[in-house]
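Chemist: Read off the chains here:
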Amino acid sequence: MQKLKPSFDEYEVEPSPEVWGKIVTRLDSTSEKTTGWLYYGIGAVLLTGFILFFTLFYDVEVTVKPKQKVMDGSPASNSGNELVKQDKQSEKKLSDPVSVHPGISGSIDKVQENNSTQKKQDRMLKADVITPQKRGASIRTAGDLHASLATNKKETNARKEETWSDSITLIERPFIEKIRLRTPLLFVEEPAFELAGNGEKQPPVILKKASVSRWEASFILASEYNYRVVNFVSGTAANENEKNYFNNEKGIYSLAWSAFLLYSFSPHFSAEVGISHYTAGQERSESEVTLTNINAVNASANTYSVNTSVGSVSGDAQQFNSSYYVNADSSLFNPSGAPGFAFPQPASATKRFTFRQEFSFLDIPVLVQYRFSEHVITPYLGLGFSFGFMTSQKTFINEKQVRYESGNLHTFLFSSETKAGIQYLLNNHFSIDIQANLRYGLNAVNKSSETKWIPYAWGAGGGVSYRF
Amino acid sequence: MNFTSEEVLVKECIAGNRAYQEMLYRKFSRRMLGVCYRYARNKEEAEDCLQDAFVRVFKNLQQYKATGSLEGWVKRIVINTILENMRKKSMMYKVVDMEEAFDETGHDDLLDNINIQDLVKLIQALAPGYRAVFNLFAIEGYTHREIAKQLGITEGTSKSQYACARKILRRKLKEQSEEISIRT
Numbered sequence: 001m002q003k004l005k006p007s008f009d010e011y012e013v014e015p016s017p018e019v020w021g022k023i024v025t026r027l028d029s030t031s032e033k034t035t036g037w038l039y040y041g042i043g044a045v046l047l048t049g050f051i052l053f054f055t056l057f058y059d060v061e062v063t064v065k066p067k068q069k070v071m072d073g074s075p076a077s078n079s080g081n082e083l084v085k086q087d088k089q090s091e092k093k094l095s096d097p098v099s100v101h102p103g104i105s106g107s108i109d110k111v112q113e114n115n116s117t118q119k120k121q122d123r124m125l126k127a128d129v130i131t132p133q134k135r136g137a138s139i140r141t142a143g144d145l146h147a148s149l150a151t152n153k154k155e156t157n158a159r160k161e162e163t164w165s166d167s168i169t170l171i172e173r174p175f176i177e178k179i180r181l182r183t184p185l186l187f188v189e190e191p192a193f194e195l196a197g198n199g200e201k202q203p204p205v206i207l208k209k210a211s212v213s214r215w216e217a218s219f220i221l222a223s224e225y226n227y228r229v230v231n232f233v234s235g236t237a238a239n240e241n242e243k244n245y246f247n248n249e250k251g252i253y254s255l256a257w258s259a260f261l262l263y264s265f266s267p268h269f270s271a272e273v274g275i276s277h278y279t280a281g282q283e284r285s286e287s288e289v290t291l292t293n294i295n296a297v298n299a300s301a302n303t304y305s306v307n308t309s310v311g312s313v314s315g316d317a318q319q320f321n322s323s324y325y326v327n328a329d330s331s332l333f334n335p336s337g338a339p340g341f342a343f344p345q346p347a348s349a350t351k352r353f354t355f356r357q358e359f360s361f362l363d364i365p366v367l368v369q370y371r372f373s374e375h376v377i378t379p380y381l382g383l384g385f386s387f388g389f390m391t392s393q394k395t396f397i398n399e400k401q402v403r404y405e406s407g408n409l410h411t412f413l414f415s416s417e418t419k420a421g422i423q424y425l426l427n428n429h430f431s432i433d434i435q436a437n438l439r440y441g442l443n444a445v446n447k448s449s450e451t452k453w454i455p456y457a458w459g460a461g462g463g464v465s466y467r468f
Numbered sequence: 001m002n003f004t005s006e007e008v009l010v011k012e013c014i015a016g017n018r019a020y021q022e023m024l025y026r027k028f029s030r031r032m033l034g035v036c037y038r039y040a041r042n043k044e045e046a047e048d049c050l051q052d053a054f055v056r057v058f059k060n061l062q063q064y065k066a067t068g069s070l071e072g073w074v075k076r077i078v079i080n081t082i083l084e085n086m087r088k089k090s091m092m093y094k095v096v097d098m099e100e101a102f103d104e105t106g107h108d109d110l111l112d113n114i115n116i117q118d119l120v121k122l123i124q125a126l127a128p129g130y131r132a133v134f135n136l137f138a139i140e141g142y143t144h145r146e147i148a149k150q151l152g153i154t155e156g157t158s159k160s161q162y163a164c165a166r167k168i169l170r171r172k173l174k175e176q177s178e179e180i181s182i183r184t
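Line by line, the protein sequences are chains A and B. Count the first sequence with the numbering used here and you get residues 1 to 468, in order. Count the second sequence with the numbering used here and you get residues 1 to 184, in order.
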């Protein structure tokens, strides 16, 4: 039984002619299937983007009518359209943190003390006005009553009597209630009501502000595609062969993490600083191995090198062999004949093997972040710079690390950083972040006078944020 | 750049060049069908397996490192595909009674000589679990440890399945040779 192997190695069976046709059909259908899914995927992303865009960037105004009671004799400007205008104007004011006028609410209290009728009516109006605000709505109602309170006390009292005792007529009028469909959290500025009397508009009263801290911490994990741009400075630029040589190179995928501390200056603008770790690099599927130094006595001490766009990587025969074959006794880089006659012959040869270089950086990013809104789902953009320090460099042949270090590299990398993402608030403190990022080096990693090896990376990832 | 023809073949196949893919298929299909045939019950099943294996070969060819022979790599894919198909069909490692282990449907033909084709037929007639272990150990040259790892069984199970398979085959070979001697 043990001697079956040799005879079975030669054992052949002729396949039916249609087998190849079936394989081709399956290969075709597989590629079509992939393409189909790709189109579906793009379609789904576009559709989702379209829906999100209109959901997130457009507030919905809802007209509620005609339950709200307002005073007759209110200024003509308080028509329905005007109310909408006022609503928008006052909303602008709302974002201004200086728009707090405590004196106004004080004068209202005094008037209320002096007149029980007014108290009653005021309560009624307050109820009408404030109740919707508890739902987070900003409301415009008739300002006639309050306009009389805005001048001096005597005039106010006189007007009050006139207004409240003689000519109070409650009529129903439509008003516009702008309902915020989303939940503001960080900068909550809700007006109790706006005073606008005698055609004079008053700033709104702000009930509360900043319900939570402006500080936020986040941790993001991202999968990145790292590659480089090679700028030819001199010499090599004219050498087309050298350019072609770089064609075998491609980027690498790596995992990056970052931790940020963010401070919000306003509902829209924040600054963040953090620490992150990422790995830049490149991989090539085909390389030319060049014999750089012959050791006539000990062939395994011969030195070979591989030129890459980031510089030359060299190692002894044993290093290359053990990485390439997982065996130091191979004949790929060792002399095939007598000692001193190096292989490959001539002094260089093209070999197929994966050759990966990795440069790890510890990075300090500093960014300005813009938030489009302050809602449950908040899209944001970030732009800034990062200061990276190379912490390690590694070289792999066929996934096995070679002992190699180059002194010809810059250890500092200055980069520009951009990111775009969406933050989903789980509650007042925790949120989930999904974001895409782009990092582009602003200085070269290598010190070559001929080429500039500039890393860049784009990636996508997610993480959590905590608002203090 | 100097490439051997096999390197060009692989490169073009990865690029999706159908002519080169067919060339690769023609180069290895007969031998690989021979492999499938030993693990399968019949030729149709073997050809189905061959299809699956070659689709997988073309999809994963970029993972092939030129450190070993291409044929060896293709054969490994073929064997993995066979074992996976067997697992999908729940054909592996059923506890089979010794007397039932030999599937009576495939060995009716009385043969004049025991040659490799006949032996393949006898192997095909083994129960699937025995057949897999026998092929992997006696023909592919795997160790019991490797078989155990590959099939997700214990080394002891692999050994016992192989012993059973060998016993059955010996018995059947003996029966066949006796019948042949009676005829002559």
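Calculated from the structure, these hints are not laboratory results. Keep in mind that a hint or two might mislead.
Claimed, not checked - With a straight-line Cα cutoff of 27 Å, these simulated BS3-like cross-link-like pairs (lysine-lysine) come out: (1) B:159 x A:22; (2) A:22 x B:149; (3) B:75 x B:65; (4) B:121 x A:22; (5) B:65 x A:394; (6) B:149 x B:65; (7) B:159 x B:59; (8) A:400 x B:27; (9) B:159 x A:250; (10) B:167 x B:121; (11) A:22 x B:167; (12) A:400 x B:174; (13) B:149 x A:400; (14) B:121 x B:65; (15) A:400 x B:59; (16) B:11 x A:250; (17) A:250 x B:65; (18) B:174 x B:121; (19) B:75 x A:22; (20) A:22 x B:174; (21) B:75 x B:121; (22) B:27 x B:121; (23) B:159 x A:400; (24) B:75 x B:159.
Unchecked claim - If you anchor each label on the Cβ, the simulated ranges turn out as follows: (25) B:174 x A:400: 19 to 27 Å; (26) B:63 x A:22: 41 to 49 Å; (27) B:42 x A:401: 35 to 43 Å; (28) B:181 x A:14: 19 to 27 Å; (29) B:84 x A:420: 23 to 31 Å.
Just so we're clear, the structure is a prediction, and the values are computed from it rather than from any experiment. Think of the CB as a built atom: it goes at the ideal place given N, C-alpha and C, for glycine as much as any other residue.
Chemist: So, for every hint listed, does it hold in this structure?
Modeler: The hints, checked one at a time:
1. B:159 x A:22: With a Cα-Cα distance of about 38 Å, the restraint between residue 159 of chain B and residue 22 of chain A is violated, given a limit of 27 Å.
2. A:22 x B:149: Distance of about 32 Å is beyond 27 Å: violated.
3. B:75 x B:65: Given pair residue 75 of chain B, residue 65 of chain B holds - Cα atoms ~14 Å apart, limit 27 Å.
4. B:121 x A:22: holds (26 Å)
5. B:65 x A:394: Cα-Cα ~21 Å, so holds.
6. B:149 x B:65: holds (23 Å)
7. B:159 x B:59: Not satisfied, since the Cα-Cα distance of roughly 34 Å exceeds 27 Å.
8. A:400 x B:27: Distance of about 32 Å is beyond 27 Å: violated.
9. B:159 x A:250: With a Cα-Cα distance of about 47 Å, the restraint between residue 159 of chain B and residue 250 of chain A is violated, given a limit of 27 Å.
10. B:167 x B:121: This hinted pair holds, its Cα atoms lying about 16 Å apart.
11. A:22 x B:167: Given pair residue 22 of chain A, residue 167 of chain B is violated - Cα atoms ~39 Å apart, limit 27 Å.
12. A:400 x B:174: Measuring from Cα to Cα gives roughly 52 Å; hence the hint is violated.
13. B:149 x A:400: holds (24 Å)
14. B:121 x B:65: At roughly 35 Å apart (the allowed maximum being 27 Å), residue 65 of chain B and residue 121 of chain B break the hint.
15. A:400 x B:59: holds (25 Å)
16. B:11 x A:250: Holds: residue 11 of chain B and residue 250 of chain A sit about 16 Å apart, inside 27 Å.
17. A:250 x B:65: Measuring from Cα to Cα gives roughly 17 Å; hence the hint holds.
18. B:174 x B:121: Holds, at about 15 Å.
19. B:75 x A:22: holds (20 Å)
20. A:22 x B:174: Not satisfied, since the Cα-Cα distance of roughly 41 Å exceeds 27 Å.
21. B:75 x B:121: holds (21 Å)
22. B:27 x B:121: holds (25 Å)
23. B:159 x A:400: Violated, at about 35 Å.
24. B:75 x B:159: The hint holds at about 23 Å.
25. B:174 x A:400: 19 to 27 Å: violated (51 Å)
26. B:63 x A:22: 41 to 49 Å: Violated, at about 23 Å.
27. B:42 x A:401: 35 to 43 Å: violated (49 Å)
28. B:181 x A:14: 19 to 27 Å: Check failed, 33 Å falls outside 19 to 27 Å.
29. B:84 x A:420: 23 to 31 Å: violated (42 Å)
Checked against the numbered hints given earlier, the structure breaks hints 1, 2, 7, 8, 9, 11, 12, 14, 20, 23, 25, 26, 27, 28 and 29 and satisfies all the rest.
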